[in-house]
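Visitor: Residues per chain, in single letters:
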Amino acid sequence: MIGALLLLAVAATLAAGTLLAAWLDRRLAGGGGIASLAADWLAGPVRTEAPDDMNRRLAPAWYLALAAAGLCVVPFAPGHAAIDSPAGIAIWGACEALTVVVVFLHGWSPNAPFPLIGAYRYAAIGLPAMLPSMFVLIAAALPAESLSLVAIVDSQRGAWNVLRQPLGLPLFAVAILSLTLRGPMDYADGADIAGGTSAEEAGPARALWQAARLAMLVSACAMAATLFLGGPLGPVLPGPVWLWLKTAGMMAAILALGARIARPPPARMLGLVWTVLLPLSFLHLLISGVIAL
Amino acid sequence: MTDLVIAALCLFAVWTGWRVFRVDSMVRASFSLMLSFVAVGAVGVVLSAPYIGIATIFMMAVEMMVMAIFMVMFMMNPAGLNPMVMVHQHRVAAVAGGLAFAGLAAAVLAADPPAARVATGTDTVAALGHELLGPSMLIFETAGVTLLATMVGAVILSSRRGRFGPADDGSRPPGLEPGGPPAGRQPEGGGGHHHHH
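The listed protein sequences derive, respectively, from chains V and R. Be aware that the first sequence starts at 67, since it is given in our numbering, and climbs by one per residue. Be aware that the second sequence starts at -13, since it is given in our numbering, and climbs by one per residue.
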């Protein structure tokens, strides 16, 4: 009974969150919004020469599925998640890793120049950008002494991780921008390469891809709220409402941040990721470890 | 029910593993192999080893992504979409494959796997952590440091700005047709000190 309720909460949160994300994207980041998703849906498809049809059709669906799988491990009330796994945080890590694969395949499968450039740029930046987020996930598990997200929420009853692990949320924000192909980390679908992996795409496939990007924003922000803002913890209001409020706040912050920071050239970003972000994440792990002891 | 799920996952792992050699592109082969490992990871999750199973999935996702890029870089098959044959040295491969199968089959038949079910409520993740950072720490850390040193070495050796000068100094890309002029940008001659007059 409670399992079905939690699955329903995941589906409803993903659907409503995607619509909210589309609206926020239009208000805060100059995105197309819901109307543009609908217009994309109604347009005819684009054909390319000798594409890999299976991967081309499946990529948006996989992206959406990864967003849904990631949201399934988020506790909606203290002690309750749709998938209450003892390795919940590793499941989210797997979703992050597979997202890089899915975005790469989305750009590779049309067999066209701009999507392919987007795919390679994203693989080059997205993979190392994921490494700091892995250390952030490990650090978040330290005070809880568990990889279970339910235990990580419980460990924040005294103080939220955003206070105990000051570098965690900024580092995780970079991972969110990268996972959702947004702002300074949008090396896959950037306007400088005519839309990158989505350049040769129209119709329902394009609408689904854009919706999946927004859905991934919902999941990643819910994860950030769980790891750093206490997730469903909070006074007076019930747990799910707190999680929704914190997730919506994170979504607005990420969208505003993404729209305000310029995107450096890929080579410079690669240097930044390896020489600044990765050492910062080691430092973060050290600080979090010392504080947890 | 659990047996059925495991059997289905094993069949999927074998089928995607077979596909690795039947698809005609390095990218497809890499991600077929990834799907095979994902199925193996899922078997681990079903067998009450959630961390090892999920770790297999995310490690393989990252590894196969890296492998796809490197394969395309070194295989002279732009984008990996051009058809190519994925098998070579048939006789050696058949012998090696037969030996590996016989060895692994012998190991499976000779091993004495534990028959007792894992009691519900056992914290297998914590047990694994205690094992890795307790009795097995020396093996674990040795393997980790060796892998790290290998990776750093590979990056240094393949870096264009190496200590022995630019790595592509004097290299000629292959021609677009056999014996044709080199494709793409022409490298400058004279050790990078070429001047136009």
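Hints in this document: simulated from the structure, not taken from any laboratory. Any given hint might turn out to be false.
Just a few of them, taken from the derived set where beta-carbon distance is under 7 Å, the chain R residues facing chain V [to be verified]:
| hint | residue |
| --- | --- |
| 1 | P36 |
| 2 | I40 |
| 3 | F87 |
With beta-carbon atoms standing in for the labels, derived distance ranges [said to hold, decoys possible]:
| hint | chain 1 | residue 1 | chain 2 | residue 2 | range |
| --- | --- | --- | --- | --- | --- |
| 4 | V | P345 | R | L(-3) | 19 to 29 Å |
| 5 | R | G107 | V | I68 | 12 to 22 Å |
| 6 | V | V342 | R | F126 | 23 to 33 Å |
| 7 | V | A104 | R | I(-8) | 36 to 46 Å |
| 8 | R | G3 | V | L303 | 27 to 37 Å |
| 9 | V | L85 | R | P164 | 50 to 60 Å |
| 10 | R | P121 | V | V356 | 45 to 55 Å |
| 11 | R | R8 | V | T114 | 39 to 49 Å |
| 12 | V | A268 | R | D10 | 23 to 33 Å |
| 13 | V | P330 | R | V138 | 19 to 29 Å |
| 14 | R | A113 | V | V342 | 36 to 46 Å |
| 15 | R | L(-3) | V | A268 | 51 to 61 Å |
Just so it is clear, the structure is predicted and the values come from calculations on it, not from any experiment. Note that beta-carbon positions come from the ideal geometry of N, C-alpha and C, so glycine has one too.
Visitor: Are the hints correct? Go through all of them and say.
Guide: Against the structure, the hints:
1. P36: At about 4 Å, which falls below the 7 Å cut-off, the nearest Cβ of chain V leaves the hint on R:P36 intact, so it holds.
2. I40: holds (4 Å)
3. F87: Since the shortest Cβ distance to chain V is 29 Å, the answer is violated.
4. V:P345 <-> R:L(-3): 19 to 29 Å: At 45 Å between Cβs, range violated.
5. R:G107 <-> V:I68: 12 to 22 Å: holds (19 Å)
6. V:V342 <-> R:F126: 23 to 33 Å: Check passed, 29 Å falls within 23 to 33 Å.
7. V:A104 <-> R:I(-8): 36 to 46 Å: holds (44 Å)
8. R:G3 <-> V:L303: 27 to 37 Å: violated (50 Å)
9. V:L85 <-> R:P164: 50 to 60 Å: Taking Cβ atoms as reference, V:L85 and R:P164 lie about 57 Å apart, which means the hint holds.
10. R:P121 <-> V:V356: 45 to 55 Å: violated (26 Å)
11. R:R8 <-> V:T114: 39 to 49 Å: Distance hint for R:R8, V:T114 is violated at roughly 24 Å.
12. V:A268 <-> R:D10: 23 to 33 Å: Roughly 28 Å apart at Cβ, these two residues keep to the hinted range, so it holds.
13. V:P330 <-> R:V138: 19 to 29 Å: holds (25 Å)
14. R:A113 <-> V:V342: 36 to 46 Å: The hint (36 to 46 Å, Cβ to Cβ) holds, given that R:A113 and V:V342 are roughly 37 Å apart.
15. R:L(-3) <-> V:A268: 51 to 61 Å: Violated, at about 37 Å.
Comparing the model with each numbered hint stated earlier shows that hints 3, 4, 8, 10, 11 and 15 do not hold.
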